[in-house]
Amino acid sequence: MRTRGAKRGCSNRALGRGGRAWLAICLFCLWPVLASLFTGCSSPSPEDTARLSASSGNRTVCWILFDFDSLFCSPCLAPLLEFCRSLPVPIQEEKVRGILVYGARPDRGQDGLYARIVQKKMHGFAKANSLQFPIVLDGLHVFNSLVKSSVQALLFDDVEQTVKAYGFPLKPGERDEILQLLLN
Amino acid sequence: MMKNGKMFRRAAAVVLIVPLSIFAAEQRLKVSIQEILSIGALDDEAIFQWTGVAADRDGFIYVLDGLDYSLKKFDAKGKLVKKAGRKGQGPGEFLAPRLLACSEDFLYATDQTVLGISVFDKDLQFKKRIPFSAPLTDLFVRSDETIAIVVMGFPGPGKIVVMDGSGRIQTELAYYEKDAGPMMDSVSAALDGQGHFYLAYLFQDRIERWDQRGKRLWSKNLLGIKKVEMKKIGDYVLPTEVCYKDISLDDRGRLFVLAGKHAKNPSRDVYVLSPSGEWLSTLTLPDTTHCLYIDRQNFLYVRANEGITLKKYRLIYE
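Same order as they appear, the protein sequences are chains A and B. Mapping of the first sequence onto the numbering used here: residues 1 to 184, in sequence order. Mapping of the second sequence onto the numbering used here: residues 1001 to 1318, in sequence order.
Keep in mind the hints are simulated off the structure, nothing from the lab. Among the clues, some could well be false.
[As the list claims (entries may be wrong)] Calculated cross-link-like contacts (lysine to aspartate or glutamate; reagent style EDC-like; alpha-carbon spacing at most 16 Å):
(1) Lys1082/B x Asp1043/B
(2) Lys127/A x Glu1045/B
(3) Lys1087/B x Glu177/A
(4) Lys127/A x Glu1208/B
(5) Lys1227/B x Asp1192/B
(6) Lys1073/B x Asp1123/B
(7) Lys1220/B x Glu1208/B
(8) Lys171/A x Asp158/A
(9) Lys1261/B x Asp107/A
(10) Lys1264/B x Asp107/A
(11) Lys1127/B x Asp1144/B
(12) Lys1073/B x Asp1043/B
(13) Lys1122/B x Asp1144/B
(14) Lys171/A x Glu160/A
(15) Lys1220/B x Asp1251/B
(16) Lys127/A x Glu1278/B
(17) Lys1159/B x Glu1172/B
[Stated by the list, open to error] If we take Cβ atoms under 7 Å as the criterion, some of the chain A residues that face chain B in the derived model are:
(18) Arg116
(19) Ile117
(20) Lys120
(21) Gly124
(22) Ala128
(23) Phe156
(24) Lys171
Glycine is no exception: its CB is placed at the ideal position from the N, C-alpha and C atoms.
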């Protein structure tokens, strides 16, 4: 299962200069499209909003990219789920967005049907694992080449105006680093 | 005398013709399916990814769902009547639920990552876990005192173990060839009323029938595959293409074999064999499935929509 992602992917850590430039261009171009996908997400409760007030001026967000196949591999997503459990719910709801990457299935005929199947499975998985952040499907398959390991996190650092990439399982200290950047 | 001779010839003709006509009828057997029930759609929350299914005499259908770590009970009309289980390794919990079987009173469930067999009653109350120290690839239950399991053959050789309800081993069937190589002895299995085992090899073109004493009664290959495709994965060279995915028996002891990659319609073609291993018919399912299950009332259960839908069919023989 994992070899599919490994073949097609390249981790951001391993990206060369050309790869980083490509990533930056790709994200810049897709930002309006993806941002529109995330509009209309559920709002936090008044209490949660109050907890977020300290970071209200900070627009740093974290995108978590993970592969559809990994939903069926309990150990593959264990580090991500552990990370999510450590994030306060308001942070998940407001600043974390999931992108589920999946391969096209021409044998399924219309890609729309397969996308709906993927969406339903993702919904079941997210509900059973109490994931609080919105997750969208990469219906255009633009992120397929970015997902080498089962999970990648992209942090859009609003303070430094940079994109940082993390691969799961996170290295020591990275979880706190991400949390700090999201809270500051 | 003449009259007696004529009668003898007629009797002899009847003796000869009747078995031949039965055989010819078996050869002409055509198997088709009629949909009875469909559980799980794109816009509901009934099933997210079913992995194992079992049905009882009262028509209730039990399903293991791998994406919400649950055991679900549906009535004969497909309505969800109860759901149990959650993510975890404790009593009644699942990490990767896989196989399901039922007896008169209990359900038996396995998990790919948690060793042993979890036993539930028909109200989905967890009762106990039967200990076993190796992963299982197949499970079938004849009674609460006769539970047969196929033990995963990697890295060691696979075998079929029959045990009682407390996990005490009664018999072991060593069907493998010791030099077969890693995973080459992976099988899906079925147990008939006479206590004979049917084996369909996942990575070999072999379907076999064995008696309980460990004697192979027959072996067939239907696909004409001579060379097994292998690939180096990590430190091991492993087979990659599945020949046969699952088997099940109907109420007359006919064997239904779900074909894998090499079939004309992969994961859709089902070969129907007589108890003696003769090919009778090929049934092509409307959608791909990872498993097939035939219940005691002779209904066939298979997957559709990548596992979010469970289909129940009536088997029709012509």
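Evaluation of the provided hints:
1. Lys1082/B x Asp1043/B: The given pair, whose Cα atoms are some 19 Å apart, is violated under the 16 Å limit.
2. Lys127/A x Glu1045/B: At roughly 11 Å apart (the allowed maximum being 16 Å), Glu1045/B and Lys127/A satisfy the hint.
3. Lys1087/B x Glu177/A: Violated: Lys1087/B and Glu177/A sit about 29 Å apart, past 16 Å.
4. Lys127/A x Glu1208/B: Given pair Lys127/A, Glu1208/B is violated - Cα atoms ~43 Å apart, limit 16 Å.
5. Lys1227/B x Asp1192/B: The given pair, whose Cα atoms are some 30 Å apart, is violated under the 16 Å limit.
6. Lys1073/B x Asp1123/B: With Cα atoms ~8 Å apart, Lys1073/B and Asp1123/B stay inside 16 Å; holds.
7. Lys1220/B x Glu1208/B: holds (6 Å)
8. Lys171/A x Asp158/A: Violated. Lys171/A to Asp158/A sits at ~22 Å, over the 16 Å cutoff.
9. Lys1261/B x Asp107/A: holds (14 Å)
10. Lys1264/B x Asp107/A: holds (14 Å)
11. Lys1127/B x Asp1144/B: Between Lys1127/B and Asp1144/B the Cα gap is close to 13 Å, so the pair holds against 16 Å.
12. Lys1073/B x Asp1043/B: violated (19 Å)
13. Lys1122/B x Asp1144/B: The hint holds at about 13 Å.
14. Lys171/A x Glu160/A: It is violated: about 21 Å lies between the C-alpha atoms, which goes past 16 Å.
15. Lys1220/B x Asp1251/B: violated (22 Å)
16. Lys127/A x Glu1278/B: violated (48 Å)
17. Lys1159/B x Glu1172/B: Holds. Lys1159/B to Glu1172/B sits at ~7 Å (cutoff 16 Å).
18. Arg116: holds (5 Å)
19. Ile117: holds (5 Å)
20. Lys120: Hint on Lys120/A: holds, closest Cβ of chain B at ~6 Å, below 7 Å.
21. Gly124: Interface hint status for Gly124/A: holds (3 Å vs cutoff 7 Å).
22. Ala128: Result: holds, 4 Å to nearest chain B Cβ.
23. Phe156: violated (30 Å)
24. Lys171: It is violated, given that the least Cβ distance between Lys171/A and chain B is near 23 Å, above 7 Å.
Checked against the numbered hints above, the structure violates hints 1, 3, 4, 5, 8, 12, 14, 15, 16, 23 and 24; every other hint is satisfied.
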